[in-house]
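**Student:** Dock chain F against chain R, hints included.
Given next are the chains, with one letter for each unit.
Protein chains: 2
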Amino acid sequence: MVDILHRIGVRTSSPQQVYEALTTVDGLAGWWTDDTRGRGEVGGVLEFRFPPGGFDMEVVEARPSERVAWRVVDGPEEWLGTTIDWELRQDDDYTIVLFRHAGWREPVEFMSHCSTKWGTFLLSLKALVETGEGSPSPRDVQISDWH
Amino acid sequence: MVDILHRIGVRTSSPQQVYEALTTVDGLAGWWTDDTRGRGEVGGVLEFRFPPGGFDMEVVEARPSERVAWRVVDGPEEWLGTTIDWELRQDDDYTIVLFRHAGWREPVEFMSHCSTKWGTFLLSLKALVETGEGSPSPRDVQISDWH
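Chains R and F, in that order, are what the protein sequence lines are. Under full-length UniProt numbering, residues 1 to 147 are what the first sequence spells out, in order. Under full-length UniProt numbering, residues 1 to 147 are what the second sequence spells out, in order.
Do not take every clue at face value.
[Unchecked claim] To give an idea of the interface, some chain F residues facing chain R are shown, with a C-beta separation under 8 Å as derived from the structure:
1) 7
2) 9
3) 12
4) 73
5) 91
6) 96
7) 98
8) 107
9) 111
10) 113
11) 144
12) 145
Simulated from the structure, these hints should not be mistaken for laboratory data. Where is the CB? At the ideal position from N, CA and C, for every residue including glycine.
Next comes chain R alone, as it looks inside the complex:
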């Protein structure tokens, strides 16, 4: 089992805005993909769609300002059954976001792509909270022939 890990710090006075950006359809649409639907509460399913396809995530944990966790219930075969979790904490002027996409069966090339792409979306989340404007799909950063 191998994981994708990332860490960013969002300049803001409390984790509340980051938490909302991870648990509301409007927030998620502001940094990941315009085409986000569903429910961000525990037990809800969030549907994220991109030009080439999408992911359905079951929300398995949502502790305000502390932790959000999803399980992938539909999407590319490599993602099925993997989990994505977000740990939040406040360090002075920054909300620290620890991201983990865990449970990949093999370190396939698609995983390397997703690792880089997650990094760009985390910076989109940071920009959304700090400036009010992220870069969600379809205006996301293009990193390769795989977009």
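**Tutor:** Just chain F now, with coordinates in the frame of chain R:
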């Protein structure tokens, strides 16, 4: 043992420019840090310096347009003995870069930070080759309180 993985595609007609950006002091200074010294040939040591510190890498492999590998011989304790390798191949109009920073002993928070930071530097490498201008330190993308 856990690894940091990334994948980018650089829009260019051959891997030659990416290879040069990984094996020459001028190339490396164009996307990672202005303050780069040393020798990029096998057996050489490359010295990368940043405001908070730096890394010394021994070049262990340099196969033109195919593969570059470094071993960390000086730097933060977590990096010592880890390896960084770059696989290159041409897919149509893109040089695909598969990056791996391997041999981390534990998935510490600093590893998560380095994962995100490596992603931004890979995009700096892509920009350097595609546009002639990267974002090396000290003009690098700031991702958190850890810079």
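**Student:** Hint by hint, say whether it matches the structure.
**Tutor:** The hints, checked one at a time:
no.: 1; hint: 7; result: holds, 4 Å
no.: 2; hint: 9; result: holds, 3 Å
no.: 3; hint: 12; result: violated, 12 Å
no.: 4; hint: 73; result: violated, 24 Å
no.: 5; hint: 91; result: holds, 6 Å
no.: 6; hint: 96; result: holds, 7 Å
no.: 7; hint: 98; result: holds, 6 Å
no.: 8; hint: 107; result: holds, 6 Å
no.: 9; hint: 111; result: holds, 6 Å
no.: 10; hint: 113; result: holds, 4 Å
no.: 11; hint: 144; result: holds, 3 Å
no.: 12; hint: 145; result: holds, 5 Å
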